[in-house]
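Participant: Spelled out from the first residue to the last, the chains are:
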Amino acid sequence: MKKKLWAQDLKAIPFLLPFFIAYLVFTIFPIFKGLEMSLYDWTLIRKLEFVGLDNYQKMLGDPHFWKTLWNTTLFVILTTPAMLILSLVLALLANMKSKFTTFLRGSYFIPSILSVSVISFLAIFMLQPYNGLINTVLHTIGIEAEPFWMADKALAWLTIVIVTLWWSVGFNMILFLAGLQDIPESLYEASEIDGATGWEKFRYITLPQLRPIGKIILLLQILASYKVFAQILLITGGGPGGGTRPIIQYIYEVGFRQNNLGYAAAMSYALFFILLILSVIQLRNQKEER
Amino acid sequence: MKKSKYLKRNRDPYHGIKVTLGIIIAILFVAPIIWMIFVSIKPDGFTTTQPLAWFLPPFTFSNYTNLLFDSLILRWTLNSFVIALITTILTLIITSLAAFALSQMQFRFKKTIFIFFLIGLMIPGEATIIPLYEIVKSLNLLDSYPGLILPMIASPLGVIILKSFFDGVPKEVIESAIIDGCSKFKLYYKIVLPLAKPALAAIGIFTFIGSWNNFLWPFLSVLSESLYTLPIGIPLFNSAYTTAYVLPMAANAIASIPVIIIFLIFEKQIVQGISFSGIKG
Numbered sequence: 015m016k017k018k019l020w021a022q023d024l025k026a027i028p029f030l031l032p033f034f035i036a037y038l039v040f041t042i043f044p045i046f047k048g049l050e051m052s053l054y055d056w057t058l059i060r061k062l063e064f065v066g067l068d069n070y071q072k073m074l075g076d077p078h079f080w081k082t083l084w085n086t087t088l089f090v091i092l093t094t095p096a097m098l099i100l101s102l103v104l105a106l107l108a109n110m111k112s113k114f115t116t117f118l119r120g121s122y123f124i125p126s127i128l129s130v131s132v133i134s135f136l137a138i139f140m141l142q143p144y145n146g147l148i149n150t151v152l153h154t155i156g157i158e159a160e161p162f163w164m165a166d167k168a169l170a171w172l173t174i175v176i177v178t179l180w181w182s183v184g185f186n187m188i189l190f191l192a193g194l195q196d197i198p199e200s201l202y203e204a205s206e207i208d209g210a211t212g213w214e215k216f217r218y219i220t221l222p223q224l225r226p227i228g229k230i231i232l233l234l235q236i237l238a239s240y241k242v243f244a245q246i247l248l249i250t251g252g253g254p255g256g257g258t259r260p261i262i263q264y265i266y267e268v269g270f271r272q273n274n275l276g277y278a279a280a281m282s283y284a285l286f287f288i289l290l291i292l293s294v295i296q297l298r299n300q301k302e303e304r
Numbered sequence: 117m118k119k120s121k122y123l124k125r126n127r128d129p130y131h132g133i134k135v136t137l138g139i140i141i142a143i144l145f146v147a148p149i150i151w152m153i154f155v156s157i158k159p160d161g162f163t164t165t166q167p168l169a170w171f172l173p174p175f176t177f178s179n180y181t182n183l184l185f186d187s188l189i190l191r192w193t194l195n196s197f198v199i200a201l202i203t204t205i206l207t208l209i210i211t212s213l214a215a216f217a218l219s220q221m222q223f224r225f226k227k228t229i230f231i232f233f234l235i236g237l238m239i240p241g242e243a244t245i246i247p248l249y250e251i252v253k254s255l256n257l258l259d260s261y262p263g264l265i266l267p268m269i270a271s272p273l274g275v276i277i278l279k280s281f282f283d284g285v286p287k288e289v290i291e292s293a294i295i296d297g298c299s300k301f302k303l304y305y306k307i308v309l310p311l312a313k314p315a316l317a318a319i320g321i322f323t324f325i326g327s328w329n330n331f332l333w334p335f336l337s338v339l340s341e342s343l344y345t346l347p348i349g350i351p352l353f354n355s356a357y358t359t360a361y362v363l364p365m366a367a368n369a370i371a372s373i374p375v376i377i378i379f380l381i382f383e384k385q386i387v388q389g390i391s392f393s394g395i396k397g
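If you read the sequences in order, they're chains A and B.
When we follow our numbering, the leftmost residue of the first sequence carries the number 15, and every step to the right adds one.
When we follow our numbering, the leftmost residue of the second sequence carries the number 117, and every step to the right adds one.
Hint data in this document are derived by calculation from the structure and do not stem from the laboratory.
Backbone N, C-alpha and C fix where the C-beta goes; we use that ideal spot for every residue, glycine too.
Hints should not be assumed to be uniformly reliable.
Pair by pair, the computed Cβ-Cβ distance ranges are [said to hold, decoys possible]:
#, chain 1, residue 1, chain 2, residue 2, range
1, B, 172, A, 287, 46 to 56 Å
2, B, 165, A, 195, 41 to 51 Å
3, B, 169, A, 299, 44 to 54 Å
4, B, 140, A, 28, 50 to 60 Å
5, A, 199, B, 160, 54 to 64 Å
With a Cα cut of at most 27 Å, we get these calculated DSS-like pairs of lysine-lysine [claimed, not checked]:
#, chain 1, residue 1, chain 2, residue 2
6, A, 25, B, 226
7, A, 229, A, 301
8, A, 25, B, 302
9, B, 306, B, 384
10, A, 47, A, 241
11, B, 134, B, 384
12, A, 47, B, 253
13, A, 18, B, 287
14, A, 215, B, 134
15, A, 301, B, 287
16, B, 300, A, 18
17, B, 302, B, 287
18, A, 301, B, 313
19, A, 241, B, 253
20, B, 226, B, 287
21, B, 134, A, 113
Please put together the full structure from these sequences, using the hints given.
Facilitator: Right under this line is the structure:
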């Protein structure tokens with residue numbers, strides 16, 4: 015009996031091992047390595063002395079840390095509701111039966127497959143003062159203002175939010191679309207017999223039926239938004255005056271420009287715990303919905 | 117059933133307005149991409165304050181030939197393509213092998229191992245990027261193809277999606293194969309994998325596009341320009357306050373056209389794949 019068990023275990027090993035090793039080295043081990051690094055003075059070249067919790071203490075008193083964490087949170091607050099509403103509206107439009115359905119779905123989704131570098135530089139060139147597409151269109155329709163989109167903090171945030179929505183709303187739209195298609199047709203038919211109006215059908219059938227997928231999208235969106243980095247780096251560089259700089263950019267700057275990987279690792283832990291809590295909530299929620 | 121749907125569509129008095137709204141938004145969504153294509157075929161140095169002029173001749177393709185021959189962009193495209201392709205193949209191989217074991221084999225600690233993989237879903241790569249850099253450095257893999265590929269291949273989500281897919285393979289199929297004397301590996305390769313094509317395609321497409329567009333990891337781990345991928349290389353063409361659009365826009369177009377083609381070919385699988393992985397994962 016015991017021998018047989020061993021034989022079975024041995025057979026499974028070649029199947030499991032390749033994934034197991036890659037997973038261990040590049041996913042699990044970094045968590046422990048990060049903990050070690052955060053307790054040291056650690057440069058890009060080598061490990062220096064053990065400093066205990068100094069890096070964490072420094073973090074708590076570092077105004078840039080709090081500022082960039084707040085900027086990231088602000089990004090989450092600014093994008094999440096707009097993302098939910100826009101993706102639902104687009105899903106409803108793309109779910110209508112008409113000869114344009116494929117065109118609508120394709121158009122809403124296609125920006126999401128473009129590289130963040132491409133969408134960021136498209137935004138920069140479109141928003142260029144004096145000869146960018148947006149400003150020249152404004153002039154053509156008689157608005158003589160010359161907005162410097164990246165120089166004003168509020169405009170810079172507006173730009174980042176709109177570009178992010180444009181870039182990634184298609185992904186969430188498809189999740190809502192899948193949710194819409196799962197709603198049993200019989201519900202609508204029954205309500206029609208009762209004389210329900212279009213709005214009533216939306217309010218009392220569509221919305222409640224979409225609640226589970228809506229919750230998943232909400233959590234996935236918050237989770238993804240806390241990781242924001244590339245489009246802000248490429249569009250505003252974190253400016254003006256650090257006003258849009260997110261936490262990952264600050265971690266990158268501390269680690270790679272100020273040559274302090276230990277402190278960067280400590281700050282990564284703060285981000286790690288925020289994301290971990292969100293993931294746990296998300297997975298739990300998904301289990302409930304299933 | 118079909119008839120009732122048809123009737124309902126005509127009953128909505130706002131149908132026309134909604135479709136029109138949908139089309140207007142769709143045009144707004146693709147307009148920047150179309151503008152990019154038009155700018156990319158303008159003569160180098162072209163600039164205008166008339167929006168319409170961007171969309172009218174003169175056109176030329178010399179930007180494309182200039183970029184392709186005089187810059188590293190072809191090299192970067194090749195890098196992105198090779199890295200995305202190898203990442204995708206390796207991911208599919210190792211995740212499907214692990215998923216097969218978890219779904220179709222008996223061994224001790226199976227549940228523990230599955231939970232151990234589940235934990236990976238909660239670990240955000242962005243927050244462990246600093247230690248990852250250090251680990252890849254100590255493996256002497258910084259600034260190399262393996263350094264760009266290997267950290268990206270262990271996708272727990274892939275294992276979990278494939279396992280649930282393999283679980284759905286009918287028991288009779290598996291049993292009759294075993295009776296025919298099929299070895300475990302043959303069962304995996306000849307029976308289970310072919311049945312899992314839709315799931316493999318979805319995971320494959322996502323891994324490919326994800327790798328093609330990956331920014332943060334190449335940004336940190338690559339130093340030599342000859343090893344740049346497109347997302348890292350493209351920004352070199354653009355400096356923030358330049359007024360020369362045409363060449364950078366051609367570079368953007370070159371970086372986008374391959375994924376746009378992939379999208380047009382695989383649209384259905386991509387759409388199904390998202391709804392599949394979004395709900396399950």
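Participant: Each hint needs a verdict: does it hold in this structure or not?
Facilitator: Going down the list of hints, with the structure as the test:
1. 172/B <-> 287/A: 46 to 56 Å: Because 55 Å falls inside the window, the suggested range holds.
2. 165/B <-> 195/A: 41 to 51 Å: Once the Cβ atoms are compared, 46 Å apart, the range 41 to 51 Å for residue 195/A and residue 165/B holds.
3. 169/B <-> 299/A: 44 to 54 Å: Holds, since residue 169/B and residue 299/A (Cβ atoms, about 51 Å apart) stay within the stated range.
4. 140/B <-> 28/A: 50 to 60 Å: At roughly 56 Å between Cβ atoms, residue 28/A and residue 140/B fall inside 50 to 60 Å, so the hint holds.
5. 199/A <-> 160/B: 54 to 64 Å: holds (56 Å)
6. 25/A <-> 226/B: holds (13 Å)
7. 229/A <-> 301/A: holds (12 Å)
8. 25/A <-> 302/B: holds (13 Å)
9. 306/B <-> 384/B: holds (26 Å)
10. 47/A <-> 241/A: Holds, at roughly 20 Å.
11. 134/B <-> 384/B: Measuring from Cα to Cα gives roughly 24 Å; hence the hint holds.
12. 47/A <-> 253/B: Answer holds: residue 47/A to residue 253/B is near 13 Å, not above 27 Å.
13. 18/A <-> 287/B: holds (23 Å)
14. 215/A <-> 134/B: Between residue 215/A and residue 134/B the Cα gap is close to 16 Å, so the pair holds against 27 Å.
15. 301/A <-> 287/B: Measuring from Cα to Cα gives roughly 26 Å; hence the hint holds.
16. 300/B <-> 18/A: holds (16 Å)
17. 302/B <-> 287/B: This hinted pair holds, its Cα atoms lying about 16 Å apart.
18. 301/A <-> 313/B: Given pair residue 301/A, residue 313/B holds - Cα atoms ~26 Å apart, limit 27 Å.
19. 241/A <-> 253/B: At roughly 23 Å apart (the allowed maximum being 27 Å), residue 253/B and residue 241/A satisfy the hint.
20. 226/B <-> 287/B: Holds, at about 20 Å.
21. 134/B <-> 113/A: holds (13 Å)
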